[in-house]
Structures are given as structure tokens and as C-alpha cells.
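*Asks:* The chain contents come next:
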Amino acid sequence: MEMDQKLLNKIKNEGIYVLILLVLTLVLFKLVFFKESVLVILRTVVSLYWLFIIPGIAMMYYWHDKLKFFERMIVGTALNIGLFIIFSYNISIMGLHIKWHIWVWPVLVLLGSWFVIKFIKEKD
Amino acid sequence: MEEIKINLEKIYLVVFVLVMMWVGFALYDNSLRHDYPHGDFASDAFQHLPKTDWVKKEGSYKFNPFYGSTGYHDVVGFYPPGLYYVSAAFSIASGLEVYDVIFFITIIITIISCMFIYVIIREYNKNVALLSLPLMLLVFIDPFFIGIRFGSRPFFITNLFVIGVLWFFSKIELKKSWIFFGIFWGVTMIAHGIEYFYIVGIVSAFVALKLIYRRLKLADLKNIIIGGVIGVILPIYYSIIFVLLYVVGDIQQGSNGGTGFFPNGFLRFVGVGNPIYNNVTYSTIFQQFKLVSIIVIIGMIISGIVLAKKLIDKKGIDYALLFGFFGFMMGSFNFIGFRKAFQSRFFFPIFLAVFFGIAVYYVIILVKSLAKIKWKTMYSIVISSVLLLSITFAYYDKPSHFSAIDPYHWEAITWIPDNTPIDSKVYFFYGDIYDQDAILRNSHRFHFFINWQDQEYQRAVQNGTVLAYYNTERPGDSLPGYPYRTGLFSFGRHEWEYNEEHGEMSLKFSLMDICSFDYYVFDIHPDVSRTPAFIQHNNIVRAVFLTNGMSEVFNNQVVSIVKNDNILDCSNMDKFIEMIQAQQAEAEGREAGGTTSEGEEAKTDEAESQGEEGSEGEVRTEGDNGNGSEAIE
Numbered sequence: 001m002e003m004d005q006k007l008l009n010k011i012k013n014e015g016i017y018v019l020i021l022l023v024l025t026l027v028l029f030k031l032v033f034f035k036e037s038v039l040v041i042l043r044t045v046v047s048l049y050w051l052f053i054i055p056g057i058a059m060m061y062y063w064h065d066k067l068k069f070f071e072r073m074i075v076g077t078a079l080n081i082g083l084f085i086i087f088s089y090n091i092s093i094m095g096l097h098i099k100w101h102i103w104v105w106p107v108l109v110l111l112g113s114w115f116v117i118k119f120i121k122e123k124d
Numbered sequence: 125m126e127e128i129k130i131n132l133e134k135i136y137l138v139v140f141v142l143v144m145m146w147v148g149f150a151l152y153d154n155s156l157r158h159d160y161p162h163g164d165f166a167s168d169a170f171q172h173l174p175k176t177d178w179v180k181k182e183g184s185y186k187f188n189p190f191y192g193s194t195g196y197h198d199v200v201g202f203y204p205p206g207l208y209y210v211s212a213a214f215s216i217a218s219g220l221e222v223y224d225v226i227f228f229i230t231i232i233i234t235i236i237s238c239m240f241i242y243v244i245i246r247e248y249n250k251n252v253a254l255l256s257l258p259l260m261l262l263v264f265i266d267p268f269f270i271g272i273r274f275g276s277r278p279f280f281i282t283n284l285f286v287i288g289v290l291w292f293f294s295k296i297e298l299k300k301s302w303i304f305f306g307i308f309w310g311v312t313m314i315a316h317g318i319e320y321f322y323i324v325g326i327v328s329a330f331v332a333l334k335l336i337y338r339r340l341k342l343a344d345l346k347n348i349i350i351g352g353v354i355g356v357i358l359p360i361y362y363s364i365i366f367v368l369l370y371v372v373g374d375i376q377q378g379s380n381g382g383t384g385f386f387p388n389g390f391l392r393f394v395g396v397g398n399p400i401y402n403n404v405t406y407s408t409i410f411q412q413f414k415l416v417s418i419i420v421i422i423g424m425i426i427s428g429i430v431l432a433k434k435l436i437d438k439k440g441i442d443y444a445l446l447f448g449f450f451g452f453m454m455g456s457f458n459f460i461g462f463r464k465a466f467q468s469r470f471f472f473p474i475f476l477a478v479f480f481g482i483a484v485y486y487v488i489i490l491v492k493s494l495a496k497i498k499w500k501t502m503y504s505i506v507i508s509s510v511l512l513l514s515i516t517f518a519y520y521d522k523p524s525h526f527s528a529i530d531p532y533h534w535e536a537i538t539w540i541p542d543n544t545p546i547d548s549k550v551y552f553f554y555g556d557i558y559d560q561d562a563i564l565r566n567s568h569r570f571h572f573f574i575n576w577q578d579q580e581y582q583r584a585v586q587n588g589t590v591l592a593y594y595n596t597e598r599p600g601d602s603l604p605g606y607p608y609r610t611g612l613f614s615f616g617r618h619e620w621e622y623n624e625e626h627g628e629m630s631l632k633f634s635l636m637d638i639c640s641f642d643y644y645v646f647d648i649h650p651d652v653s654r655t656p657a658f659i660q661h662n663n664i665v666r667a668v669f670l671t672n673g674m675s676e677v678f679n680n681q682v683v684s685i686v687k688n689d690n691i692l693d694c695s696n697m698d699k700f701i702e703m704i705q706a707q708q709a710e711a712e713g714r715e716a717g718g719t720t721s722e723g724e725e726a727k728t729d730e731a732e733s734q735g736e737e738g739s740e741g742e743v744r745t746e747g748d749n750g751n752g753s754e755a756i757e
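Going line by line, the protein sequences match chains A and B.
Sequential numbering from 1 applies to the first sequence in my numbering.
Sequential numbering from 125 applies to the second sequence in my numbering.
It is worth saying that the hints were derived from the structure and are not from the lab.
Keep in mind that this is a model prediction, so the values were computed, not measured.
Hints are supplied without guarantee of correctness; some may be wrong.
[Stated by the list, open to error] According to the in silico footprint, chain B covers these stretches of chain A (three or more CB under 8 Å from chain B):
| no. | region |
| --- | --- |
| 1 | 9 to 18 |
| 2 | 35 to 46 |
| 3 | 60 to 66 |
| 4 | 96 to 104 |
| 5 | 110 to 117 |
[What the hints assert, rightly or not] If you only want the chain B side, here are some residues facing chain A, beta carbon under 10 Å, derived:
| no. | residue |
| --- | --- |
| 6 | Tyr-136 |
| 7 | Pro-267 |
| 8 | Ile-270 |
| 9 | Phe-274 |
| 10 | Ile-287 |
| 11 | Leu-298 |
| 12 | Ser-301 |
| 13 | Val-487 |
[What the hints assert, rightly or not] Only pairs whose alpha carbons sit at most 30 Å apart, straight line, appear in this in silico DSSO-like list of lysine-lysine:
| no. | chain 1 | residue 1 | chain 2 | residue 2 |
| --- | --- | --- | --- | --- |
| 14 | B | Lys-299 | A | Lys-68 |
| 15 | B | Lys-334 | A | Lys-12 |
| 16 | B | Lys-181 | A | Lys-68 |
Positions of the beta carbon are idealized from the N, C-alpha and C atoms, including for glycine.
Bound-form chain B, shown alone:
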């Protein structure tokens, strides 16, 4: 009978993992390989791809890719790179593309985290562990899933190691357990950084509790100290970077906000007003999962009473329950100034699963005592399965689309690294998705993006004119100001120095000669844009370029890439427009007369290749409003 129980438990775990994978990988549309990234819905998600590609190709993250550092080649690798190394290595081993691996690895590691928490809870009570599993499924359902979809992936993989530290507390008496603490704590610095500091708080709370219980042994202290030393030494190279750039840098930036990883000296309730973090406020979570939330709250109350009772009776610590409160604490650190604490709430379905399990378990105990039945593990498995299915049917929806990017834009962007010289400067004209500007870094080139919010630009769109100089953005990983080493413990900041010399924000935005780039990327199909007027403007500029010596090198009917074969003098942009208008008039005249000219052939070819009727070469003159007034709302 004992053997059957064990097998049932393991069978149920397999079923649970299958359900988790099914829901977690819904965005993968039942394939491992795709033509374009699946599961990426925001800039933060896309920013990890080029950095991982960089690690895979260059071999290390010693430097940040120049195409993410607005052209600088000496910017130190500053972002916590744990995810990049795991993903790059796995991409090499499995043969899968980097963009297929990053999301995949995040889901797999999250599932491993679920199993890890299960192991911890099972130590406390097998039935509670089984009953905790259903809640964990919510980690792959919005709003919690937004964390992964929108790019908080380093955070998700770091939690595996946070759980490792919590597990270490429960096994502190194991021989050489300091190994666990040293490694699990140390790696959180390289994986995401901020949790390294959270753990200091958690360790302090643990030591304090043990002191209150009078159960703090010398051996425990020895394990914590030795593990602590290892945890400091192992990531030391990256710690210097993180502490100086994010922590000290944030303090230097003061009320300007800095990177947001570290409090800036006073209590901040920030996060409200941030659309991503708004999704994980306590009230939103409660409203969206009312019944489930009530069960969790009941579980927290029960757990609090159980822990307090044991504290008073000095009967030991129930680590599984304690860890639930630690997890809740981490999601509340915003109230002491850690802005990024809201991210921890994406992991609540896993951290707080024990409360769900214990609440259901206590109902079972009540029923058991009233009905006087002998409880078997199998019954917990059945109840857990029912809850798992209920949660799946109640909250899971098959996704309607798989990514923020479409295959056409991805094809265009990834054409660039394979077909242009590495020192090329690439200019992106307006496209709806380019606001998620990390997408552009996947071009692996020094890139620029038109500042479509600039009033001069909007006026040009409205009037149908082409400018010689456009207000242009230099997108990049600019949070710590493009730092470069000046010594082992010192960094310069390209952005801060540039802005000091040229004016605030001058590195990010400036007027640029539109003819000084090597390649231009145009969205050309107005039907696939929310702002057709901007696309129309793209087509005008493209027509001017093509008519004056540049050549088209890529076209997939949605995106066109034009190569600047000859460096044009753009100071006479009016002259170019006049030239095009003259050519158009000539072509129209010939058409009326029934003969064709070279210009018309070119225009017809262009129109055919776009699949629509000849609007690409059309030059709009001032006063011709058309769609312009709609676009500029």
C-alpha cells in the first residue's frame, strides 16, 4: 500500500509538470522552433535577445554590445548576465535559436522552482505540499505571467536561487551546508542583483528568529559565515560593477531615479501609475482572483497562528510556512523604498502556494474529524487534481497572438546583421512596434530611430514635406549612462559626460542629417500601421532616396531597406521634391498619351512589389491633408 501511494504521488507530479508546460508554453504554439520570437511582448523582453546573441558570438559579457550602447565599444557588461549565460550555453548545446531559448529556459526554470518549493513544503507535510500545487499554475497566467511576457526573466530565474537559500535554512544542519548558501546567495548577484540584498534581510530575520527560539547553534552560525564569505567572493567581479553602477549610481542620481534598483533615500510608493506594476497591486490581484485570494489569506492567518504557537511553545520552526511569509515580504519591500519589489509579486503563486495548501488542508482536517475517516494521500491528490483543473478552466485562455513582433518585421531586422558591414549606421523610420526600441537592437548595428513625437516631424508629415534634418533618437541600454572602466573600482559614464558638455538629453535626442546613414529601414504598408500618415511619410522619403541614387536592398512588402550608395547632400531637399514632382507630372502626361517612360516603369514595378496601387512614389504637397490630420492626434 505504501508503494502505491508513492507511485501515485510521482504520477501526479508528472501530470502537474505536464499541465504547467502546456500552459506555460501556450505561446510556443506546440513547437520549439519558430521563424520569429514567440512570447516577447515588450521592449524588456526583446532587450535580452541581442545581449544573449552577443554572449554566444563573442564568448563573454565583458562588454555590452556596441549596438545596445549607442555605438560605444567600451561600455562594460553591466546588466546582470545570468540569464544570458544559461541561454547562450543552452542555445549552443541544443541548436535552438537564442530567441527560442530565452523564453524556454525561463519557463523550465520556473517549473523547477515549483518543484523546489514542493520539496520544501513536503518536508512539512506531504498533503499540504500536494494541495499547494494548483496555485502555482497561476504563475503562467496573467497578471503574473506578464512578468515573463514583458521581460522580467532574470528575476524569474533568480528566484530559483532565492528558494535555494530558503531551503538551506531548513537544511542548515547538513554537513558542509555552507556550500549551498554560498552558491545560491552568490549567484543571485549575477542573475539579477537586487535579490542579493533581499537575502541579507532574510538571513538577518532567520538569525533573529533562531535567537528568539534559542536554537541558534555555533554550527549554524559557522555555516552562515563561511557561506557568506563564499557568497561574496564568487561573484566579486560582477558585484563591483553592480554596486558601483546601480547602488552608488542611484545614490548619485538622487531624485532623478537612477536605475530604480535601489532606494534613493526615502520611502517611495512608486509603482502606482506604472501599467505593468499596476497589474500586481494587492487590490488588482484580489479582484482578479477573489476566491483564490481568500483561500490564500485564510492560509496566511492559519500559518501565522501555527508559527506563533510554536514560537511561544518553543517547539521549532515550520520553514515552509515561514518561507511563505518571506516571499510575501519580498513583494512588499516597495514600502521601504525598493521600487522593483513589485516584481516579486509576479512570483506570488509559487511563494504563497503553501498558504493555499494549508487552508485547504485544514478544511480537510475539519471534514476528516467530523466524518471520522482515515485520510489517504490519494484523496489529497484527487482534491489537488480537481483544484488544478478548476484553476486551469477558470483562468487559462489560449492566446490569440504569440508575440509583439510579426514575422515580416523580424525578417527585416534580422536581415541586417547578415547583410550589412558591422560598422554600418542604420536609421529606422516610423514603425508601430519600434517604440519597443529594444527590438531595434536585434539589428546588431549602431542604430537610430526617428523621434516621431517631435513637432517638426509631425508638421512635415502633415504637410507632406521631407526635412534635411530630423530629430532623432539614439536608443540603447542607457539606464546606467553607458559606463566604461577607468579603473577596477571606477567608471566613467559616456552619457552623463556627453550631456554635461552638450546639454541634457543631447546624447539621446538630437537633430541629424538624414543623408548621413548607411541604411534606412522603412515601414511601407499603411494597412499594417495604426498611423498610416507616418507610413505615407516613410514612403515619400523612400521615394526621394531611391530617385536620387540610393538602392533598395530588401523588401518584403511590409518593410523596405534602402542602402545609401551615394552620400547625398540633403541641404537641397526642396530640389529633390521638385524633381520628383516633375517626374510624376511627366509620367502622368505620358500615361494620358498612352506611352510609358522609365520613371513610370520604376513606379509601376515598385507598386507591384508592394502589392498596392502606386502610393509609394507619391509626393504629397503642402496643403494636401489626406490622412495627415488623423495621424497627428
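For reference, chain A alone in the conformation it holds in the complex:
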């Protein structure tokens, strides 16, 4: 099924919001950690977004028509951190070293979210 054009536009617009938020976060971090180098701050902020915020926003798209962006971002970040802990703990016990989780997890979530909104949400 084709993804709804409205949803695609929404994702595009919210993608811009996320970029703006990322830049804003960089500015906030530089204000607070003004003794720190820009590169370190950049890597820290990008890591925050890559690991916690962007996957969180993505996994909340199933409810995009019921919840506003800000709420989805906050709830999604919390949900993503929680699910990451559960996933990371269990998968590490099974043998996958945590150094791989920082790549596997966000990619899994982004792919999974795409799958859900493309096939399951449309059906619902």
C-alpha cells in the first residue's frame, strides 16, 4: 500500500523540526559546556539524537494522528530508552556485545517503524 501523502509530508516537516531541535540542542550544550570543544559537543548531541530521540520519534508514528509532535517526541524518547534497555540487556545475555547495539538498535527501530506505518497503520 502506498504511504499516505499527508503522512509523508508530515514526516518531512517533522524531520525539519528535528533538525532545528538538534541545532538548538547544540547551542544549549555549547552555552552550558562552554569550555568544551565543538567537536565533542557535536558528537555528544548527535549520539543523543541517534540513540534515543530519533528512534523514539519514529516509533511513535503509529499514533501520529492522535498525539502532537512534542508529546510524541517526549513519550517516544522515554519509550525508546526503555525498550533499548530491555533489548540491550537481553540480547547481550544471549551474546551480542553491547558495542554493536548502538548501530543495530536505531536501525532496527527505524526499519520497524517504517514497516509499521507502511503496512500496519494503513491497514488499521
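Position chain B against the provided structure of chain A, taking the given hints into account.
*Replies:* This is chain B only, laid out in the frame that chain A set:
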């Protein structure tokens, strides 16, 4: 006009986050990277570092690090590991050291929790939400900040998920909302454990309320049940560990107290007498924040009346107000035996923020109706900003120091993992900060610590003698007794079994041959210690070792690390002391005669490297009191 209001709100939220970060990260001295841990002020704070390092290096928390398990390699990973996984992953991604990440992650997640509560309150009333924000700042101010500074960090990150469960109640009618409940509830087990049980109580209260309101739908029940099943399955592997070790273990330990996570069968008002928890008794909080507390209490009364009125009129539930009471409840569970409930009060500025907001809001309503003015969101933002600034100026103080540890001790402790074989046994002689014994686990080695409270040791310090055997502590994460798996649902306990065989406390404290270790760590600078006599004793022992075949491998003028190259026979310690005294006498004789000897050169070199005048090699004889009597108070 509507658009401007929204932008102002968002701008204010950005300012609020900036203020929270500024205050929360004050201990970071405006840097992300440091030479030593910042923000850690007690053993509990330091204990998280080596476990997170372990997860980062080994890849999982299947086993507790052997250096936190007093040498045992098969102790199961028993401590709720949520914080370790988040921090280890973030450390890998960001490139920051683990000791810089743990505090950082805790602050960031706490700020996210503030935003989460804001979202919930905003659903109730935007003005109340804006007016609630200033109180949340207090979470980064003592006594509430003690929770983070002293190490209750798993508790702080778990509250993000507790708030998630509360949010789920307000959104239970969303399609597939059971996902939220299942994940938020399930993760609390891995993040801290105890809140998993609190939530059972909260869910029960929620269901009961809905029944009273006659608003409990089948769909709600379905979401709770499906979410509940998921919440049980997701953390099942760790749940088995936690329940058997902490819950069942506590019951087995009975009045011995166990881990303290779970009631031991009768009402306990414990916490009084515990210096950390004393800071968050209701009377202390009230005394320290009298005006703020009065506003919160007024808000609780107003909220209670509003909720009760709606109950009577059957007009629905104001979840934001209800959650405030849930938060207050969690901080009061000690009265039904949950010893750790006092910890929940560290989070009161966030849980109870709605009461602060609603009290101020009702004053505004009064003024509005008297003055007959049309209220705008902007006015709430202005009032909130004024309150935020007032609270900041009233209660925030720039910190005077950033950590319980100094860069010299940290340098010494972290030298060990990079420069010693992994199976080394490391002995720590007295140092002021080593009482926070989790610091020693950052050596990443099987370590021991002198029992400086032992009377024999204190006598030796007073008399200037060196003993062949010292009463020694084996520090470690000993709360559940060093458990190891004997089956999927069964554990042995190394400590309990050892003590049963050898006597109570015998694993933790025993007499040990002082010459049987691979490395020795000595605090050597008396000026940086509260007990110079103990440091003097350190220097005596160090001199004996160095003179008899051991070599110094590290020295930063505050800490010296000596390697036991040759295993000495310590049964003739008196002989060593005589030897040193003879060498000293010879050296003094030569000095008087104007020539130097090898021994004197060594002593001078040592003194120079310490930066003080030759006290390190001095051997104190019996009867020479000096500082000894001061130290042994």
C-alpha cells in the same frame, strides 16, 4: 495571536531546559570531559562506574565484575543494570569516558522526566503546566540533589518509566496503548526493581478508581492485561534474579535486614538515623523550603477538593492531579515497610510540581476575577519565569568542589587496570577516601583494604610497629551475598556459605599475611589526610617493603604503588625493622661525617620525590608518640 502564544511557550521551555542544565551540570564545571569523575560524592555513586565499565568492555552484565565480587568470577549480574546499559552504549557512541557519562545521562533523563510531567499536566491545563515548572528545578538542589550526587541514579532514571506508566493511564483509550504499559512497566524491573512493585499498587489504585467512577471499560481492562503480560515477559530473565535474590532473599534474611528492597514482614519506620534519608524527611523538607512547601500543601488541598468533587459528580478523573498524589504515595511507602521509599522523595520536586502550579494558578484565578482581566498564556509564562528565577537565586549555590575524589587518587587507582596483570591482588592501606570503598573497585582488580578500625592496627600505628598480619577487609557488592547460579531458579551464595563454614563476617574481615599481595597502594602525603598518623604508618610499611626487595611502580606525591617483586617472608617483621633502623643510624652517622651512602641517596631521592623532608623512610619506634595519639581518637 494564537501562533505567538505557542512560540512563547516553546521559547520558555527552551529557557527552562537551559536553566535546568545550567544548575544540573554545575558540578561539571562547564565541560563534558574531565580528568577524574565529577558529581560523585559517595560509595554508591562510585559503584556504578566499574560495573558500567565492565558492561562496556565485556559486552554484557551476565556476571558481576570479579573485582566487585571479592574475586569470585561466577557471581551473577544481580544489580538492576538499566543505567549501565544506557551509559555504556552512550559512552561508546559519544566517545566520552564512562565516569563522565553516568552523571550526564542521569541529568539528561531527569530533564526528560520534567518534560514528560509537563506534557501530562499540560493536558489538564496549560497555565498550571507552565506554573509547575519552577518547582522542578529543586530536583537539582540539595537535599533532593543528594539522591544523584550520592548515587541513587538507577532510581532517577527509573522514574522516567514510572511517569510513562502514569501517562499510559491518561491515554489508555489510544489504540494498542498496552504497548506503553508493557514496556514502561517491564523496564522498571531492569532499571531499579522496586518500582516494578510500586506500579502494581498504582495500577490497582487506578483500576479501583475507575470502578468507583464506573468508567472502567472492557477495552481498558484489555490494555492493562495485555500490557501486564508483556511487562512480565520482557524482563523475565532479570526478574528471576531480582525476585529470588532481593525479595525471597530478604525474607530469608528476616530481621538481618537483607538488601532492604523489600519489607521484612512488619512495619518499619527505618530511614530515621540514616544520614542520607534524614535529609528527605518531611520535616526537613518543610524546614528547608518553608514557603515553597506551604504552596505545595495548599496545592495538594486544592487538588484533593477538585478530585473529590469530580468523584462525587462523576465527571471524570484529572490525571495530572491524581499522579501528584501517586508520587506522594510512593514517597510514603516506608510507612508500610518499603525501606527504600525515602528515595522517592528525591523526586518530589517533579512528582509534586502540579500542586505548586495549581496553587499559584488558583491565586491567579482569584486575582483575575477580582481585577476582571482576560488572562493570557504570556502572563503565566512571565509569572513562571519570575518564580523560576526566584527559586534559582534563593536556593542555588555554585559548588565549591566537584567530587569526593581528587585527581591524584583517581590517577593512582586508574593506573592499576592499565599496568597490572588482571589476576593481581591489590592491597590498599589507609586513605581518607577509601572508606567509600566502591572507589577501590575502579582499580578493576581483586582488592583488599586495611581494617583501620581494628584495635591491633591502631596499636601498631600508635607504637610505630609493622605487623606481619593485618585485619583486612574484602570490599565488594556484598548485599545479596555474592550469588552464583546453581540452576535457572536457584542460586548459591558464596558469602553465606563461607561464613557458615568459617564464622560470621569471616569473608569480609580476616587476618591476612601482609606479604601475600602483588601490589600495595599507599597514601603517603600526611598533609592531605585527616589522620596523619595512619599515613605515617603507611610510610613505615612502605619503607620496609622497598628496603626489602619490592619496587615502587607509581608515585604522584600523594599515592605510591609498590610492586611485590619478591614474595617476602613476613614472619620476621621485627628483623626488617631492625635492619631499617640500622641503615638509618648508619646514614645519620655518615651525614655527621660528611659522606653519603647508597641508603641515604635512596632516602633523599624518596624525600625529594615526595616533595617533603625525609619523613617517608623514618621508622617510628615504640614509645615515640608524635602524632599517633591524635590519630587514634
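*Asks:* Could you tell me which of the numbered hints above are not met by this structure, giving the numbers in increasing order?
*Replies:* 1, 5, 6, 7, 8, 9, 13, 15, 16
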